[in-house]
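Sequences listed follow chains A and B, in order.
Everything in the first sequence is counted per the numbering used here, starting at 1 for the first residue and increasing by one.
Everything in the second sequence is counted per the numbering used here, starting at 1001 for the first residue and increasing by one.
Among these hints, one or two may not hold up.
[Said to hold, decoys possible] With a cut-off of at most 27 angstroms between alpha-carbon atoms, the simulated DSSO-like pairs for lysine-lysine come out as follows:
| no. | chain 1 | residue 1 | chain 2 | residue 2 |
| --- | --- | --- | --- | --- |
| 1 | A | Lys432 | B | Lys1014 |
| 2 | B | Lys1014 | A | Lys429 |
| 3 | A | Lys214 | A | Lys154 |
[Unchecked claim] Residues of chain A clear of chain B, computed beta-carbon distances all greater than 10 angstroms:
| no. | residue |
| --- | --- |
| 4 | Pro25 |
| 5 | Ser28 |
| 6 | Asp53 |
| 7 | Ser62 |
| 8 | Asp126 |
| 9 | Lys149 |
| 10 | Lys154 |
| 11 | Pro183 |
| 12 | Lys198 |
| 13 | Ser228 |
| 14 | Glu279 |
| 15 | Thr298 |
Rather than coming from a laboratory, the hints here were simulated on the basis of the structure.
Everything numeric in this text was worked out from a predicted model, so none of it was measured.
Every residue, glycine too, gets a C-beta built ideally from N, C-alpha and C.
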Amino acid sequence: MPFGKGYFIVPSMIFNAKKLKKDFPILSRKINGHPLVYLDNAATTQKPKAVIDAFKNYYEYSAANVHRGIHTLSEESSEQYENARKRVAKFLNAKSPNEIIFTRNTTEAINLVAYGWGKSNIRKDDEIITSIIEHHSNFIPWQQLCKEKRAKLKIIPLKTGSKHSPTIPSTITITPNRAVSFPLTLDFDNLEKLLTKKTRLTAITGMSNVTGEKPNLKKIIKLAHQNSTLVLIDAAQLAAHEQINVQKLDADFIAFSAHKMLGPTGLGILYAKEQLLKEMPPFLLGGGMVKEVTIKNTIFADPPTKFEAGTPNIAAAIAFTKAIDYLEKIGPQNIAKHTENLSQLLIAHLKKYPQIYLQAAQNPNGIISFTIKNIHAHDISEIFNRQGVAIRAGHHCCHPLMQELNLAATARISFYLYNTEKDIEAVEKALKKVLAVFN
Amino acid sequence: MDDLYTEIILDHFKHPRNKGQIDTRKIGKNEKLLSATEYNPTCGDKVTIQIVIEKSDSKTSSLIKKIAFIGEGCAISQAATSMLTEQLKGKTLKDLQKMENEDIYKLLQIPISPARVKCALLGFIATKLAIKT
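Please model the entire structure based on the sequences and the hints provided.
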């Protein structure tokens, strides 16, 4: 399918994304008279009918509170909820469903670790390592924990070098949108030096929601564990783009969200090694997470129940199993190849315009941020929206990274399994409009 | 989209009026500098307004002698701020105090969707903040 100058021959599509679009009711919507081209998947993904139906069916047929209330509906509900937990455990290849905790979202999952494990394990002068590209949800909890405990927060920087420096971009003069050259990657060369006797935790992203970088987690975890340092992975983006095998990965904590991988909103997952969960005090306190409560004291339940206070998002957990089914049918590794193909195709297009700057990793795996000289990201996304193309503009909850790159905001395109080359055509059309308006 | 990115908006965006830092050394004895910064958390835009007023016995009749802004932002926020500063030169604090959000929309003469309200009002909010001090 030719577009622009020259052909881009995409290797035989691993699956028929165009066909998959039909499974997603919302993708047949029109925006401002144009077919919706949804490219904001890093923010949230659309849901296949199977997930929507499961959600609906729960409320129409099996709705009741969990915790085994003896009556039929409660038994059904409890069983479905625990089956959902087992399903997630199997999906991740966890040793036991007891290692799976359902939360509200990734943010809550990470906070659970910061409060549960962090508060009782971090002391004055201890160290936590994180990176400059982290989402606020995997940055602020550690920053504040370190502040409270008078511990030290160490930050893995971006790679500098002859090609580019994060604070003094090599390519461009001072303009409202300072250019930063591509590719952007974290500098792990000094990780061994950063790990000291005092380093208790490394909290790192599995995949950047701005640049799409996937750090070499196996290597990081190996180094950290050699140093007796625990590792937490913010897998909010990673879980949607890769099959996570917790035995192979050996991370201590992994947090991700259902809604970023075809599931409903309001459901997060924390995987953690059972031993850690047994030792950790709980985060949220209340009903459902106790063995016994007296006036003076409370005996908490075992994990995972210990970490699930209150009524959980039962419908979402059940519906999420359908999302997992859908993903497994296609194969997460195929989805990763698909989004990487689309990324490379998009980058090839964007590179034609000298006034477009990329803030992306070499292999962005489906997430590409960009800026245009003298045109604000907000205006880019406004004009894109007029063409029915949904992209995100802003700082993507990564203030430290934006400050490091000297940028106020970027535009971001993020692909998922239902995007096609036609969507990239729509991007190019919208881009031409943007450049025409601000010529 | 021409109803949003009109010629006037684009002109003010590409050639913003009164953009720059006021030289604080050049403020006269009977003048006062007011300043404030406002952020738009959704996109990271930031605008700082500086107003030089002539001191007077009646606070509200103080004349706005100089007004300038610095900061980065989208076409709507930059144009709105540029237009606002043009409007306010030579007016009094009272005139500014009487201004409402509606007046900004009237200045811009373009439809502002809920998503762009903060863009349109960023400079105005900073200006109102500045005179509070």
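Exercise. Would you say Ser28(A) is clear of chain B, with no C-beta pair closer than or equal to 10 angstroms?
Worked result: 24 angstroms, holds
Exercise. Are the Cα positions of Lys214(A) and Lys154(A) separated by 27 angstroms at most?
Worked result: 20 angstroms, holds
Exercise. Hey, does Lys149(A) actually stay past 10 angstroms from chain B on C-beta?
Worked result: 28 angstroms, holds
Problem set entry | Status of the stated non-contact between Glu279(A) and chain B (beta carbon gap over 10 angstroms) | 38 angstroms, holds
Exercise. Once the closest CB in chain B is found, is it more than 10 angstroms from Pro25(A)?
Worked result: It holds; Pro25(A) is separated from chain B by about 24 angstroms at its closest Cβ, greater than 10 angstroms.
Exercise. With d taken as the least Cβ-Cβ distance between Thr298(A) and chain B, does d exceed 10 angstroms?
Worked result: 39 angstroms, holds
Problem set entry | Claimed clearance of chain B by Ser228(A), with the beta carbon kept past 10 angstroms | At about 39 angstroms from chain B, Ser228(A) clears the 10 angstroms cut-off, so the statement holds.
Exercise. Per the stated criterion, does the least C-beta distance between Ser62(A) and chain B lie above 10 angstroms, as a non-interface residue requires?
Worked result: 38 angstroms, holds
Problem set entry | Verdict on Lys154(A) as a residue remote from chain B, using beta-carbon distances over 10 angstroms | Given that every Cβ of chain B is farther than 10 angstroms from that of Lys154(A), nearest at about 25 angstroms, it holds.
Problem set entry | Least C-beta distance from Lys198(A) to chain B larger than 10 angstroms | At about 34 angstroms from chain B, Lys198(A) clears the 10 angstroms cut-off, so the statement holds.
Exercise. Hey, does Asp53(A) actually stay past 10 angstroms from chain B on C-beta?
Worked result: 31 angstroms, holds
Exercise. Is Lys432(A) within 27 angstroms of Lys1014(B), Cα to Cα?
Worked result: 19 angstroms, holds
Checked against the numbered hints given earlier, the structure satisfies every one of them.
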